[in-house]
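Fit chain D with the ligand to the supplied structure of chain E, relying on the hints for placement.
So the sequence lines, in the order shown, correspond to chains E and D.
The numbers in this note's numbering rise by one with no breaks, and the one at position 149 of the first sequence is 132.
So the number in this note's numbering is just where the residue sits in the second sequence, counting from 1, plus 2.
Careful: at least some of the hints might be erroneous.
What the hints assert, rightly or not - So the derived list for chain D, only partly shown, Cβ under 10 Å to chain E, looks like this:
1) VAL7
2) PHE44
3) VAL47
4) ALA188
5) GLN189
6) VAL197
7) PRO273
Bear in mind the hints are in silico, worked out from the structure with no lab data behind them.
C-beta atoms are modelled at their ideal positions from N, C-alpha and C, and glycine is treated no differently.
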Amino acid sequence: MTDATPFTRPKYVGTPVRRLEDPRLLTGRGRYAADIQLPRMVHLAIVRSDQAHARIIGIDTDEARALPGVIGVFSAADFAHVPDIRAPSRMPNYQATSCPVLARDVVRYVGEPVVAIVAVSRYIAEDAAALIDVDYDPLDVAVAAREASDPAAPRLHEELESNTVFTRRFSAGDCAAAMDAAANTVSGQFRLTRKTSMSTEPRAYVAEHDVGKDVLTLYGSTNVPGIVRDAIGRLLELGGNRFHVVAPDVGGSFGGKGSLYPEEVIVSDLARRLERPVKYVADRMEELTSGSQAFGEEVEATLAFDDDGRFIALDADILGDVGAYSIYPWTAALEPVQVAGFMPGPYRIPHFSATVRGVCTPKPPTGPYRGVGRPMAVFALERLVDKAASRLGIPPAELRRRNLVNAEEFPHRTGSGIVWDRSGFQECLAAACSAVDLTALQAEKARRTDKWVGVGVASYAELTGIGSRISVAPGMPMNTGAETAAVRIDSTGAVSAVFALASHGQSLETTLAQIVAEELGVRPRDVAVVQGDTALAPHGTGTYASRSAVIGGGAATKAARALAVKVKRVAATLFGVDPSDVQTGNGDIFVPGTNHSIDFPELARLVYSDMSTLPQEARETLEVQETYDPVFGTTTSSTHVAVVEIDPETLHTSLRQLVVSEDCGKLINPMVVEGQVHGGVAQGIGVALLEELKFDDAGQPITATLADYLVPTSAEVPDIDVVHVETELPDNPGGFRGMGEGGTIGAPAAIANAVADAVAHLGVEVNSLPITPNKLHALIAAASRQEGQE
Amino acid sequence: MMKPVAFEYVRPETLAEAVTALDHDDARIIAGGQSLLPMMNFRLVQPERLVDINRITELERIERTKTGLRIGALTRHANAARDPLLAEHFPIVAEAMGHVAHVAIRNRGTVAGSLCHADPSAEWPLLVTLLDGEIEILGSDGHRSAEPSEFFLAPLVTDIEEQELVTGVHLPLPAGPSGMAFEEVAQRAGDFAVVAAGAMVRVENDTFAEVRLGLGGVFDTSVRARALEGALTGQRARAEELEAALPLAIEDLEPNDDLHASADYRLSLVPVLARRALIRALHRATQ
Ligand SMILES: Cc1cc2nc3c(=O)[nH]c(=O)nc-3n(C[C@H](O)[C@H](O)[C@H](O)COP(=O)(O)OP(=O)(O)OC[C@H]3O[C@@H](n4cnc5c(N)ncnc54)[C@H](O)[C@@H]3O)c2cc1C
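Looking at chain E on its own, in the form it has when it is part of the complex (with noise of 0.2 Å):
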């Protein structure tokens, strides 16, 4: 054939394609784990504590179990054959939290499950809850970590040595002697205050044990199915043949749904002992009060630069408020070391040195939380490199491009030891300053009097697709690395894609059906990705730690491209060809120019249920598992611009514009990808404007409702210009680098960059997030006060 047709193979990835999951979420046809119903199904509701930090001297219950309709009334005792749920760290001296499901003797944050109460209604469940008397014997509180940190401050846990439950030093260099020579350094005290991730949908349980076939099925908004069905199985010494663990559909969960939570264990295991099904849905005010936290660090930060504005070095002392217990599986250490680890940012600061230290206090456990460790981390770097712009009076921009390593120098490795492959860090500045018309900024700045104006920009890299050689969270001893991903076509011609991850708003039914319909030649709808279910899937352990696309991605390519050679074998004996001369494409098998062309399901058909058409050794089974581990990650880099736009009178502030320009690498669904950031950045408006939980100093929760933590809405978010940028590829799979947390690492730091360029001829400075009206108000007051003073 020397004049083949050209056939041009439609390509899937890199195309807007639509969401294969919206018809089906848009139109309430979603079935997440509150619209399960099973026969003979009862409610859990769960008495927490009221006392940040108090003994239990005695329950009564007796009134509860007398209410009509209750089934049964669980405390700790009940629970003794369940051991405590501990996260073990690799950490030198790191010191282990011991949290039992509902708490024993001892209560340690507003929230904690105290009672479990099942009953045939979740209202009746509620009326007993409201008859049953804990009695508390108080005890002395040290609510700020500050406090708590100090040797002489209560201990939370009477078996640990001391609230301080770790702390880890980083060197690279000679950072002192770098301070003490250098030209010029710049400090700052910054502080993220806690923040709770608050997806739409709360977290819920369904716990199922079909008592013939002693199977327990466990339905749970969790993003981590593979490590909850790891746990449980431990805890309740249950095999994975024997317990599985179904995602269904999850309605977000930002990090909030991404840890072992003891209501998990309660469920599973009273459906065993009831041997009836037992649901849990949590309320918003459980949601607030004892769903993970995060954030809650303060940093202490120099960083010291020449005349030139050249960065030597960079010191930073970092307090992490990490909570009652540490979490499952991350453990303490999640948040706090990760602010170390990525302090140094995407510049080359040669010097470099931290202390970071996780302290235990009464108030609910941190976790993951988009972005873990790098929003705080940014925030504090980002406004060191802008007050070292004031100082030098060079433009922020400017001296960002001035530092940001080159594309020259990757592989970088930052003084905390993270390695940085090759990402577009200058190129994404670049696009980032030319979206916005910087010089146009600063002149109607000048000009304007009826508004402050103010503008912002952040920089930052972040590891994605982390694989096995890297503790996802510093020091947990558990393999993240790897995702497997099954493709099979059946006898009918269908194409399943199994994986263990579990979306829950990454529309991962979407990119990695693209994935598979571009490598296998089907169309993208042709694909069902299956994941979410440990009964279905190969190993792995979910979606968080933008790793879905990466490592998923990966398996998805290399099993679909396997299973691509295996059906061009079977279809060459078919045509009488040569493997390579086969094509696939749109869902069909081909020799270009020729008449040979086949469909998917005849092929099936010829393979599973023909007797006599293909030999029998070519009836090959069209089915490839694949596992994929990157070893160690990938970056991805950024750029946020943010326009502030401030009322001198009122402090009003507004997002006027916003502006992030990401290298993910190979772009899976531009569509997708720019949905990911607009949430992520949505998030980090929140987290820079307005979202607070508050304790008093007794420990009590003062936002517990979303009357007082406030999220942002759409009218507080800007439209979002997002530009792609697409360096040189990493070395994986598919080309892609992860980005589902990017947008809430960048936009804090770029917002308050802003906020603080907008009040900056006023002195006043943003050092802690979120910045409200009100705190402005109270910081101009104070500083006019000064100036009053002086």
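Just chain D with the ligand, lined up with the frame of chain E:
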């Protein structure tokens, strides 16, 4: 806790039936349910009987009276915002409704529900205070009415008895052509006001014939800035005069101080919003 305790549910079809249904030890009216249900779900209130007045359609009307407009108790915020009579005589209502919560809540929430809930930051109590409204109340002893200053006693506390119901509010028409304006600062779009200000200005012969300024969110209840109003009446109708009177806007009361806004921040907003509202009202009055 997000489930209410069990309650009896009654849905009268007429006002008379409603009055009978309310003759109970522990009955509570439900109108839009937008404030009551959250409180019931938190078990902050646990009424034994809920009296649902949503079927009493006569309470939904907005009508002209000899001296003003009568707004039925069940008028939804959204309907008030698009009512032609209100738009003609009290355009400030639609302006204020834009600040009340979100579309879904405005479609359910009612005028009387807001008045009876008596949140110090809510828009309706402020509007009724500003516009010298009269709150119409029905009980087993018949009808009575209350002025805003008698009706709103404290945050979430009103003068209404458990067996009574609000049937509507009467807004007297201003004595002549007027300008009105509404200003608000809230944390997010749709949040309860940190501070809100409503102004009404009447100008005759280039002088202020009448100036009214109402403030919400600052104190226990919505208030009128009587000192400022008195000082401006009779003055030349100029922005400078308004400006000069602004320090009088702050009443000698204890300002609210909470999680979202300190007393200082609130007080700093009072002259700002007062000026903006008064100046816009003056413009409208002289157009
Ligand atoms: C998220 C959210 C945001 C909100 N934001 C705002 C805002 O910005 N501004 C604002 O003003 N409001 C706001 N609201 C409240 C909203 O306006 C409510 O609709 C209003 O406060 C109550 O009206 P309702 O008809 O829903 O009353 P319900 O909730 O049904 O009742 C409230 C109270 O009034 C009593 N009641 C109701 N009708 C009568 C009657 N005719 N006679 C006697 N008693 C009666 C009830 O017994 C109850 O005690 C918000 C609500 C929500 C949920």
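Right, here's what the structure says about each hint:
1. VAL7: holds (6 Å)
2. PHE44: holds (8 Å)
3. VAL47: violated (14 Å)
4. ALA188: holds (9 Å)
5. GLN189: holds (6 Å)
6. VAL197: holds (9 Å)
7. PRO273: holds (9 Å)
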